[in-house]
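2 protein chains.
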Amino acid sequence: MNKIYVVGIGPGSYEQMTIKAAHVLESCETIVGYTVYVELMKKHFGNKEFLTTPMKKEVDRCILAFEEAKKGKTVAMICSGDAGVYGMAGLMIDIGATRYPEFEVEIVSGVTAALGGGSLLGAPFIHDFAVISLSDLLTPWETIQSRLIHASMADLVICLYNPSSKKRHDYLEKACDLIMEHQPETLICGIVKNIARDGETIEILTLKELRDKKVDMFTTVYIGNSNTKRVGNRMVTPRGYEYER
Amino acid sequence: MNKIYVVGIGPGSYEQMTIKAAHVLESCETIVGYTVYVELMKKHFGNKEFLTTPMKKEVDRCILAFEEAKKGKTVAMICSGDAGVYGMAGLMIDIGATRYPEFEVEIVSGVTAALGGGSLLGAPFIHDFAVISLSDLLTPWETIQSRLIHASMADLVICLYNPSSKKRHDYLEKACDLIMEHQPETLICGIVKNIARDGETIEILTLKELRDKKVDMFTTVYIGNSNTKRVGNRMVTPRGYEYER
Numbered sequence: 004m005n006k007i008y009v010v011g012i013g014p015g016s017y018e019q020m021t022i023k024a025a026h027v028l029e030s031c032e033t034i035v036g037y038t039v040y041v042e043l044m045k046k047h048f049g050n051k052e053f054l055t056t057p058m059k060k061e062v063d064r065c066i067l068a069f070e071e072a073k074k075g076k077t078v079a080m081i082c083s084g085d086a087g088v089y090g091m092a093g094l095m096i097d098i099g100a101t102r103y104p105e106f107e108v109e110i111v112s113g114v115t116a117a118l119g120g121g122s123l124l125g126a127p128f129i130h131d132f133a134v135i136s137l138s139d140l141l142t143p144w145e146t147i148q149s150r151l152i153h154a155s156m157a158d159l160v161i162c163l164y165n166p167s168s169k170k171r172h173d174y175l176e177k178a179c180d181l182i183m184e185h186q187p188e189t190l191i192c193g194i195v196k197n198i199a200r201d202g203e204t205i206e207i208l209t210l211k212e213l214r215d216k217k218v219d220m221f222t223t224v225y226i227g228n229s230n231t232k233r234v235g236n237r238m239v240t241p242r243g244y245e246y247e248r
Numbered sequence: 004m005n006k007i008y009v010v011g012i013g014p015g016s017y018e019q020m021t022i023k024a025a026h027v028l029e030s031c032e033t034i035v036g037y038t039v040y041v042e043l044m045k046k047h048f049g050n051k052e053f054l055t056t057p058m059k060k061e062v063d064r065c066i067l068a069f070e071e072a073k074k075g076k077t078v079a080m081i082c083s084g085d086a087g088v089y090g091m092a093g094l095m096i097d098i099g100a101t102r103y104p105e106f107e108v109e110i111v112s113g114v115t116a117a118l119g120g121g122s123l124l125g126a127p128f129i130h131d132f133a134v135i136s137l138s139d140l141l142t143p144w145e146t147i148q149s150r151l152i153h154a155s156m157a158d159l160v161i162c163l164y165n166p167s168s169k170k171r172h173d174y175l176e177k178a179c180d181l182i183m184e185h186q187p188e189t190l191i192c193g194i195v196k197n198i199a200r201d202g203e204t205i206e207i208l209t210l211k212e213l214r215d216k217k218v219d220m221f222t223t224v225y226i227g228n229s230n231t232k233r234v235g236n237r238m239v240t241p242r243g244y245e246y247e248r
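Heads up: the sequence lines are chains A and B, in that order. So the first sequence is numbered by our numbering: it starts at 4 and just counts up by one. So the second sequence is numbered by our numbering: it starts at 4 and just counts up by one.
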């Protein structure tokens with residue numbers, strides 16, 4: 004059976020890609036992806052065909068990849084982070100099964116933004132956590148609200164993807180207000196901008212400070228649980244019960 | 004400032020490590036870790052000092068790493084998956100800040116089991132999800148219960164770490180019973196055993212079937228949300244609203 008690959012390239016730098024992801028991309032003739040990520044890969048993998056489609060054209064992008072593969076080319080669809088975390092792996096499997104059943108879709112994992120940024124902040128995910136996207140493009144805001152409320156009530160560490168966009172400039176503020184109904188405003192939080200790219204910055208702050216923070220679509224947001232603490236300039240969630248020092 | 008590294012080696016195979024993790028381990032003189040993971044690394048990184056401590060001796064393991072570094076050696080503490088997801092990153096930062104402030108603790112991200120196994124199953128995490136450990140070694144069972152209930156009520160995809168052990172043979176059954184109070188027993192679930200190691204197997208099943216499944220400590224469990232579906236032999240969570248075919 005012919006293979007087509009869906010590859011998570013990690014948070015952005017070549018070094019944070021897995022060895023397998025690099026091998027697969029080296030072995031492919033055609034790399035398909037969203038414009039921004041294809042540009043990031045061009046400098047590391049030359050002498051290939053690079054095909055792009057803009058954002059919100061994900062179905063077209065999948066069809067483009069399969070059609071290239073049908074011509075006999077080895078094709079990889081790339082995604083930032085992990086191919087399966089809000090990535091293209093699902094659509095590729097789905098469209099493959101319906102329209103291109105002659106292909107086996109192989110998914111290659113990567114370091115998703117939550118983990119890449121988490122390492123920069125310290126260790127926010129040493130205990131249970133939830134990953135929630137604030138984008139209401141394909142999800143009703145009521146569902147997002149319910150997830151924020153339940154995650155706060157369960158005292159889960161929360162990582163927010165897509166915390167803002169031009170149309171949704173006040174969503175992070177709304178999210179923090181919901182969380183503050185169940186968690187103290189002194190909760191330790193963190194933000195990471197431009198993970199593994201130019202302009203990478205981190206900041207540790209309280210939930211109340213986070214509420215009034217301006218963030219953009221290249222920001223990942225971390226909201227601690229009731230045990231999360233600031234250790235120097237890092238954000239650390241303990242494993243559970245205290246341990247001896 | 005002297006550096007000490009905490010490195011996530013990914014789910015188990017050399018290929019699923021990041022390029023950065025491999026570079027850091029190659030550059031180190033001493034690799035410290037839990038016995039099982041140190042054995043996995045020995046074949047790839049020869050000519051080094053390897054130091055181990057058994058499970059539940061995590062504080063001792065951190066002190067061992069720092070004491071080696073104090074002798075002037077470059078030291079990496081290794082963890083399976085990501086160094087920050089139930090990993091050693093938190094303890095290393097904490098113990099470093101208290102006892103060894105002369106060292107900067109650098110965390111190197113990796114592919115955590117949830118993502119490595121998710122890629123094998125298909126695409127379970129295309130939408131919001133929670134990661135919850137069923138181990139009550141350092142967490143009260145009441146807290147774990149509350150997290151399972153809230154995550155189900157919020158219709159989050161759930162990934163379970165540590166679903167079973169000798170002492171906790173019925174915890175997965177208990178967890179499924181709690182989730183079934185809020186989700187249908189036909190919910191699509193998946194299990195992955197021995198991710199990226201000998202004996203790797205996947206299985207897709209319903210929540211009801213999962214309840215009666217025998218799993219071990221090398222199993223990662225995936226519980227879909229109400230939209231998760233079976234596509235051929237894969238588990239796929241859609242992005243949200245339906246899309247045109």
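Honestly, the hints are just simulated from the structure, not real lab data. A hint or two may mislead.
Just some of the chain B residues that point at chain A, by a computed CB distance under 8 Å [claimed, not checked]:
1. G49
2. G125
3. H153
4. V239
5. T240
Source: prediction; values computed, not measured. We put the beta carbon where it would ideally sit given N, CA and C, even for glycine.
Now the hints, each set against the structure:
1. G49: Not OK, violated: G49 of chain B not within 8 Å of chain A, min 17 Å.
2. G125: holds (5 Å)
3. H153: Hint holds; H153 of chain B Cβ to chain A Cβ min 4 Å, cut 8 Å.
4. V239: holds (5 Å)
5. T240: holds (6 Å)
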